[in-house]
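J.: Sequence:
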Amino acid sequence: MSISELLPATKNPRKWRFTWESNSHVPIIRLYLFQPNTKPSSQCTDLKVTVLSDKSLLEVTWLDKNQVGSPATAALLWVPIPRVLIDVDSPINLRALDDHIEVKFVLILPVDHPIISKFDFEAGDENALEDDELQPLQLDSDLKKLASCGEVQFYCRCCSTKLTRAVQFFKEMPSVNWREAADNWFGTCCCSFGGVSEKLVAKYANSYTCSSGMCLVDATSIVISKDDLIGHKFPNQIKLQEHKSLHSLNNSFKKLNVDHGSQNEKLHDHECCHVHEHEEETLDTNELLANKTSLLNGLLGNSFMVTSPYLSKDIKWSEISCPNCSCLLGAFPHDNLDGFPLNDSVHLFKCFISTSLPIGGSNDLFRKYSLERMFSSQLLESAKDELSFRTVVRNLQTRSPMLQIVLINPNSWCSFGDCMDEMVSIPKINIYPMIKVLFSDCSNNTESQLRKLDEWVKKNQVEDVYMLMTKALAESLELANRMLPLSHASLQGLSLSFLHSILPLTLIPVRAATLKSRLQLQSMFLPINSNKDVKKRKVMQTWHMNTWSIK
984 MSISELLPAT KNPRKWRFTW ESNSHVPIIR LYLFQPNTKP SSQCTDLKVT VLSDKSLLEV
1044 TWLDKNQVGS PATAALLWVP IPRVLIDVDS PINLRALDDH IEVKFVLILP VDHPIISKFD
1104 FEAGDENALE DDELQPLQLD SDLKKLASCG EVQFYCRCCS TKLTRAVQFF KEMPSVNWRE
1164 AADNWFGTCC CSFGGVSEKL VAKYANSYTC SSGMCLVDAT SIVISKDDLI GHKFPNQIKL
1224 QEHKSLHSLN NSFKKLNVDH GSQNEKLHDH ECCHVHEHEE ETLDTNELLA NKTSLLNGLL
1284 GNSFMVTSPY LSKDIKWSEI SCPNCSCLLG AFPHDNLDGF PLNDSVHLFK CFISTSLPIG
1344 GSNDLFRKYS LERMFSSQLL ESAKDELSFR TVVRNLQTRS PMLQIVLINP NSWCSFGDCM
1404 DEMVSIPKIN IYPMIKVLFS DCSNNTESQL RKLDEWVKKN QVEDVYMLMT KALAESLELA
1464 NRMLPLSHAS LQGLSLSFLH SILPLTLIPV RAATLKSRLQ LQSMFLPINS NKDVKKRKVM
1524 QTWHMNTWSI K
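If you read the sequence shown in my numbering, its first letter stands for residue 984, the second for the next number, and so on.
Don't read these hints as lab results, they were simulated from the structure. Careful: at least some of the hints might be erroneous.
Unchecked claim - Listed next, the in silico DSS-like pairs over lysine-lysine satisfying Cα-Cα at most 30 Å (straight line):
#1 Lys1128 to Lys1145
#2 Lys1299 to Lys1145
#3 Lys998 to Lys1454
#4 Lys1419 to Lys1454
These numbers come from a predicted model, not from an experiment.
Produce the complete structure using the sequences and hints provided.
T.: Written as structure tokens, this is what we have:
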């Protein structure tokens, strides 16, 4: 689900928009109200806000001065309140600024507090806290559910076209850190079992190959055999024979590497690895191994978002589209000589496929995946690994820069939508975990702008990532940027935006209570009048000390 699908469609002829924003661990939430042709600081007087907790609505009224000399008219807006606990006894901070109205509320508990996730806000709202956008992306869970299905066929999420034959076997994608792990465990010198890590190259390549009926699963994609894909035409049989010849030659290189490693082991008891007569032979083997490693590295890693260590000049990635609607489904790697898939495998991205019909139904195991959530997850993981919060997203095929992104807050929570001019019944809204970023679209940069970008990359040690879906990602960022007033929409020459993130496992919402539970929870933080109230007050004090427990 994208941000555009989360905007509630309501009666809003004057086109007022709202944005709720909060941060993890902070018991404050801000509301921004804005309309392109209105200047609230001069046109909106006598502002008043009323919280209707029982209806989860906010009533905003003011006197509207549209024209100089004309009498002011009463204006009213209704804003849905997300599932948060507003402290109605605390003062409301209300300001009318040049391009928006800002309302600040104090919360009883922060939006990410575990207590918040353990009860519903309305009786009978069975799906209130079962929103797919609040569910984590878990590889282990996907594997178990896929395996329990017996046979799985994959479908295009856009048009419901069947894409694959039945797949029966599911395995986790092997770790991409295979070489580092082997070297750390066995060592890199032949005197310390270095040959073992070299032999693992061949075994690892075999574990990465998909046969018909087999499916490899990672955090963002699945890998299946090209023979299981329906409706996609690969190069003809002549190209196939050429590919098989190259594959046979490559296998010969692999065998040579393994045999040579065995010879080194046999000679180990009599001669050291540094004997001069074997230096030239060892160099030849290492060169062949390096070629094999380079080729293998180009096939590995996350095909959804490829990082520099797993980018090979010998490997190209081509798109796979739906045979019916031409929507992007994934990609497959091939060498520079032809377009035949290496390892006979194709990669399908989870955000573009479904595991069952109807699309997005309860049996669709990939329904909670979206382009934004997958990208956010990978971006946060990359930031932790590389200790870099600056990224340039490049096109996987052309290597050209497409997006400049700076991560500024990984712990935002937001909700967007349109205000209402009258009280109507609308679905209750959630507030979603987001990452706040600064971004710039580099796809149409001039030469001078590209030079400045290169200087910025070198100066700040920026990480490069490579993707196929850069255009769709840019559109999502632009859409979220329009959900902010102009004064908040940019910073330091870059546009401000949000992307859907993932919910921490400790905050997975579960069904519990009703509106009565909400009122009981609110009563825990009323003014202290007894020893019992003192004990309840300690809940809040304990949380503020970041212990996340009730004493």
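J.: Now tell me, hint by hint, if it's right for this structure.
T.: Status of the hints after comparison with the structure:
| no. | hint | verdict |
| --- | --- | --- |
| 1 | Lys1128 to Lys1145 | 20 Å, holds |
| 2 | Lys1299 to Lys1145 | 26 Å, holds |
| 3 | Lys998 to Lys1454 | 27 Å, holds |
| 4 | Lys1419 to Lys1454 | 19 Å, holds |
The structure agrees with every numbered hint stated previously.
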